[in-house]
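Chemist: The residues making up each chain are set out below.
Protein chains: 2
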Amino acid sequence: MTTTTRESPTSDTRVGHPAGALTGRTPIGATLTGGDGPEVRSVDPRTGEPLEPAYRYGGAAEVARAAALADEAFDAYRATTVEQRAAFLETIASRIDELRDALVERAHAETALPVPRLTGEVGRTSGQLRLFAAELRLGVWQGARIDPARPDGTPPRADIRQRRVPLGPVAVFGASNFPLAFSVAGGDTASALAAGCPVVVKAHDAHLGTSELVGRAVQAAVAEHGLPEGVFSLLVGEGPDLGVRLVTDPRIKAVGFTGSRGAGLALARAAAARPVPIPVYAEMSSVNPVVLLPGALADRGAGLGTQFVASLTLGAGQFCTNPGLVLAVDGPGLDAFVGAASAAVAGDAGATMLTPGISRAYATGRDALAGRATVLARGASGESAACGGAALVSVDGARFAADPALQEEVFGATSLVVRCADEAELVACLRALDGQLTATVHASPADHGLAGTLLPILERKAGRILFDGWPTGVEVGHAMVHGGPFPATSDSRTTSVGSLAIDRFLRPVAYQDLPAALLPAELRDDNPEGVWRRVDGTPTR
Amino acid sequence: MTTTTRESPTSDTRVGHPAGALTGRTPIGATLTGGDGPEVRSVDPRTGEPLEPAYRYGGAAEVARAAALADEAFDAYRATTVEQRAAFLETIASRIDELRDALVERAHAETALPVPRLTGEVGRTSGQLRLFAAELRLGVWQGARIDPARPDGTPPRADIRQRRVPLGPVAVFGASNFPLAFSVAGGDTASALAAGCPVVVKAHDAHLGTSELVGRAVQAAVAEHGLPEGVFSLLVGEGPDLGVRLVTDPRIKAVGFTGSRGAGLALARAAAARPVPIPVYAEMSSVNPVVLLPGALADRGAGLGTQFVASLTLGAGQFCTNPGLVLAVDGPGLDAFVGAASAAVAGDAGATMLTPGISRAYATGRDALAGRATVLARGASGESAACGGAALVSVDGARFAADPALQEEVFGATSLVVRCADEAELVACLRALDGQLTATVHASPADHGLAGTLLPILERKAGRILFDGWPTGVEVGHAMVHGGPFPATSDSRTTSVGSLAIDRFLRPVAYQDLPAALLPAELRDDNPEGVWRRVDGTPTR
Chain A
1 MTTTTRESPT SDTRVGHPAG ALTGRTPIGA TLTGGDGPEV RSVDPRTGEP
51 LEPAYRYGGA AEVARAAALA DEAFDAYRAT TVEQRAAFLE TIASRIDELR
101 DALVERAHAE TALPVPRLTG EVGRTSGQLR LFAAELRLGV WQGARIDPAR
151 PDGTPPRADI RQRRVPLGPV AVFGASNFPL AFSVAGGDTA SALAAGCPVV
201 VKAHDAHLGT SELVGRAVQA AVAEHGLPEG VFSLLVGEGP DLGVRLVTDP
251 RIKAVGFTGS RGAGLALARA AAARPVPIPV YAEMSSVNPV VLLPGALADR
301 GAGLGTQFVA SLTLGAGQFC TNPGLVLAVD GPGLDAFVGA ASAAVAGDAG
351 ATMLTPGISR AYATGRDALA GRATVLARGA SGESAACGGA ALVSVDGARF
401 AADPALQEEV FGATSLVVRC ADEAELVACL RALDGQLTAT VHASPADHGL
451 AGTLLPILER KAGRILFDGW PTGVEVGHAM VHGGPFPATS DSRTTSVGSL
501 AIDRFLRPVA YQDLPAALLP AELRDDNPEG VWRRVDGTPT R
Chain B
1 MTTTTRESPT SDTRVGHPAG ALTGRTPIGA TLTGGDGPEV RSVDPRTGEP
51 LEPAYRYGGA AEVARAAALA DEAFDAYRAT TVEQRAAFLE TIASRIDELR
101 DALVERAHAE TALPVPRLTG EVGRTSGQLR LFAAELRLGV WQGARIDPAR
151 PDGTPPRADI RQRRVPLGPV AVFGASNFPL AFSVAGGDTA SALAAGCPVV
201 VKAHDAHLGT SELVGRAVQA AVAEHGLPEG VFSLLVGEGP DLGVRLVTDP
251 RIKAVGFTGS RGAGLALARA AAARPVPIPV YAEMSSVNPV VLLPGALADR
301 GAGLGTQFVA SLTLGAGQFC TNPGLVLAVD GPGLDAFVGA ASAAVAGDAG
351 ATMLTPGISR AYATGRDALA GRATVLARGA SGESAACGGA ALVSVDGARF
401 AADPALQEEV FGATSLVVRC ADEAELVACL RALDGQLTAT VHASPADHGL
451 AGTLLPILER KAGRILFDGW PTGVEVGHAM VHGGPFPATS DSRTTSVGSL
501 AIDRFLRPVA YQDLPAALLP AELRDDNPEG VWRRVDGTPT R
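Chains as they are written, first to last, in full-length UniProt numbering: chain A, 1 to 541; chain B, 1 to 541.
None of these hints come from the bench; they were simulated from the model.
The beta-carbon is built from N, C-alpha and C at its ideal position, and this holds for glycine as well.
Careful, some of the hints might be misleading.
Covered stretches of chain B, as calculated for chain A (at least 3 residues, CB under 8 Å) [claimed, not checked]: (1) 158-164; (2) 476-486; (3) 512-526.
Cβ-Cβ distance ranges computed for the label pairs, FRET-style [as the list claims (entries may be wrong)]: (4) A:Ala87 to B:Pro155: 26 to 32 Å; (5) A:Arg524 to B:Arg541: 21 to 27 Å; (6) A:Pro18 to B:Arg137: 55 to 61 Å; (7) A:Ala428 to B:Arg541: 28 to 34 Å; (8) B:Thr453 to A:Pro18: 40 to 46 Å; (9) B:Thr453 to A:Arg157: 27 to 33 Å; (10) A:Ala68 to B:Arg372: 28 to 34 Å; (11) A:Pro240 to B:Pro155: 35 to 41 Å.
One chain only, chain A, in its complex shape:
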């Protein structure tokens, strides 16, 4: 039986339960709910000790209730104005900022990620919500187009107007490695809510308390803005089981996911097998190749080696954009890079990973890769219950191009240096790459000719191409792409970070000869909201 406490949203989330205190229950609509499945607690990865409170897994009943509420909420929610939705997103942002200290404390206990990083991640999360509020007001996302009637044309042309409408309720799966920015109120949720889609989130077991805090903040914002309760729900449940139930619920119309390739593919398969298939935006696996060109290596090989290891070990290597692969032409510059990088890895103290399970998977992956390559250096592992020691290994280019297993992501601070005999072998290795979130090039001005010939290859492989930087760190803005060809994501046509992410949850509708009184505001002749529109193809406002 499901334990549900139905109180007013105010007493649930702002008074009855102080916003920073945990209840062991999560919002389904306006209520706080616990499932009737097994108890589950997040674990402090430093000690391996379970953290209070306990949550209980939900199942079919909780999925059905959240999906039904989301479906009921959809028409009213999508009918809100741009300003109403923008203000709602800003309220969520403010609630999250207000909870900063509690969020950082709990997330630190649940993930062992450093306090400064988590403090920054709170700001990133609220900033992301505010970016989508700004994007809504900029008035481009509607995709408004007007082809005016030509009654005197041969044949006469009807009046055709186009805008984009939201897809419907969206299921979001939070990632383990960004307990705030890619989780309950992260980019998937922010972009779906901005588009006008209710959201049902499955909390990640690794940070249940952080999830509850953020979920209740969203729930409070829903109530504060008088929105239908089903605009937001947060479920706790056994991963594959609850995930597949949620993705196959007929009321769910799209899915946002960040996590492992196996879990992402399972959800994509389930979504494709529905009687009515739905889109799945799964960000999965990437080794983020870094290409070191000869001039850059000659200029600053050792310096690049030190910088590289700083990027590799950031957050215990638990970034989707972690540089897990380095490719360069052999020579003294590469020797200098490898020397400095090996020294830095060997001197690394190790770090606590997100969970004991991730730590075990990392060790397995690292050792498997090491078994296929030459080990250059290993760092200390540390003493925690989820320790993760850095490693640097190497193979030659011919070997790399011939062995797809060398491209498998090892989630953590391990990287593979590929020593190519010459530029032709470097090109062959790049052509052999799977799809990636990022590709990085380090180049001196003398390398720009070569870099220009590599760019078309890298464009076919990656969603973001960086020069003279490191891929860890993803700006949240209008121009960012955090996406890329399979297996980096399940859908290369979009991004999960940045304002373009709103496109994922919209579809176009055309209106032919609609009476003026019935036109949506963004398509009326007087353009009361001042949105950008393409009139006979030309952008205007």
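Following the hints, complete the assembly by docking chain B onto the known chain A.
Modeler: Okay, now just chain B, sitting in the frame of chain A:
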């Protein structure tokens, strides 16, 4: 063994074989090729007689050759300028216009579609190619975005620029019912070529000669513009077999399809099961509901009935947007509509359908629907080898809402009138609808209040909403949407008609701190091509 004649493109297509004469072979790159499979001829649907010349099915070898050429051509083709691609599309358009008489003659023999309709379709096809040339020059499709660096920010912000790049070689499956506008050089091919994607088309067996003529015109344009030969190929082959081979070739990166639900789903399944899944844009099945509101019925019920049957029987009912479903509240106005429509159907002389197979499938579908409903009227069938007689049947609203089988598309001139007891039952029927390409409302000014309450329901169901018109006839422009929720299409986020269709074959790439000399033209500070760009979010040029 494959029979291939390798000559210069000029002698193949412009001199050696006059452009209007048929060879029984189709272009793979710069050659004209025949497969080594069984012979196949299109059939004159009026007589059932096969038409010369014979073609021969290709198979694995032809798919591999076309895909390899397309892959080889991709980098060079996508590196062409906007102006080069626009001029290429315009040349294809001119070649098709030049072939008009030969195309109309052959297409008429192969499809029995009326000569004026086919003449119009030639213009629509070339016009569509010119629309994409214009869209390229308008400079919005690139999706250019620039977030300038903020070196003094906290933290400093990198320079991030975004544009869209083509996905790669695209497989296109022509439709039977538009032998020109949705076939070899139809909307899928035009939008993919505009995006910078090479195209491999599978010709529809129902119009092989028309396909050869158009295919050779595209081949000639490729040669005339000095483009890599692999930019375009045209294959003939056994439907499911060649189709699945093409869609599962690793070099193919997206699929455009118009046809039956069964075939579309088979291709979508094959694409999803690839080691690297790819997007499939399949336009499949729609019954295109027409809602007649009480005021409109009272004003002009009989007139609407007559107009409706004209739309229903247009092209023997073989439009994706054919009005296969009418919904209204019972009453004298609906009686007048049904009376006039029944008389028009009963007086209809019948028409020849596209193929004998389509005629048989139509008869089966029509009779199955008639068996679940009350027959109001049947038209004459005519005497051809592919005859198709119109039919009008009826059920009440409660029955319709309860029986999903009543929503199945009958491809041809059969429509179902749903008599609803009241507005509530009408709303229930609309809520029960599957996804549609179009939804049409006929309303008097007095109906606009009711229409306003139905619009949000229809927006969830259809890609295009029309008032006081008929869905057959799809304007080719910037604002058109020819798409919609499943099963109308496999991907509601897009359209297969209109300039927005180019989006299907593009994906975003971000460039971080790219040296100025290496930036693509559309992202350079001086914006030499004058494209529209979002700078810190705001559109500017």
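Chemist: All hints are to be evaluated individually against the structure, with a verdict given for each.
Modeler: These are the hints, each one checked on the structure:
{"no.": "1", "hint": "158-164", "result": "holds (count 4)"}
{"no.": "2", "hint": "476-486", "result": "holds (count 8)"}
{"no.": "3", "hint": "512-526", "result": "holds (count 6)"}
{"no.": "4", "hint": "A:Ala87 to B:Pro155: 26 to 32 Å", "result": "holds (28 Å)"}
{"no.": "5", "hint": "A:Arg524 to B:Arg541: 21 to 27 Å", "result": "holds (25 Å)"}
{"no.": "6", "hint": "A:Pro18 to B:Arg137: 55 to 61 Å", "result": "holds (60 Å)"}
{"no.": "7", "hint": "A:Ala428 to B:Arg541: 28 to 34 Å", "result": "violated (41 Å)"}
{"no.": "8", "hint": "B:Thr453 to A:Pro18: 40 to 46 Å", "result": "holds (43 Å)"}
{"no.": "9", "hint": "B:Thr453 to A:Arg157: 27 to 33 Å", "result": "holds (29 Å)"}
{"no.": "10", "hint": "A:Ala68 to B:Arg372: 28 to 34 Å", "result": "holds (31 Å)"}
{"no.": "11", "hint": "A:Pro240 to B:Pro155: 35 to 41 Å", "result": "holds (38 Å)"}
In the structure shown, a violation is registered for the earlier hint numbered 7 alone.
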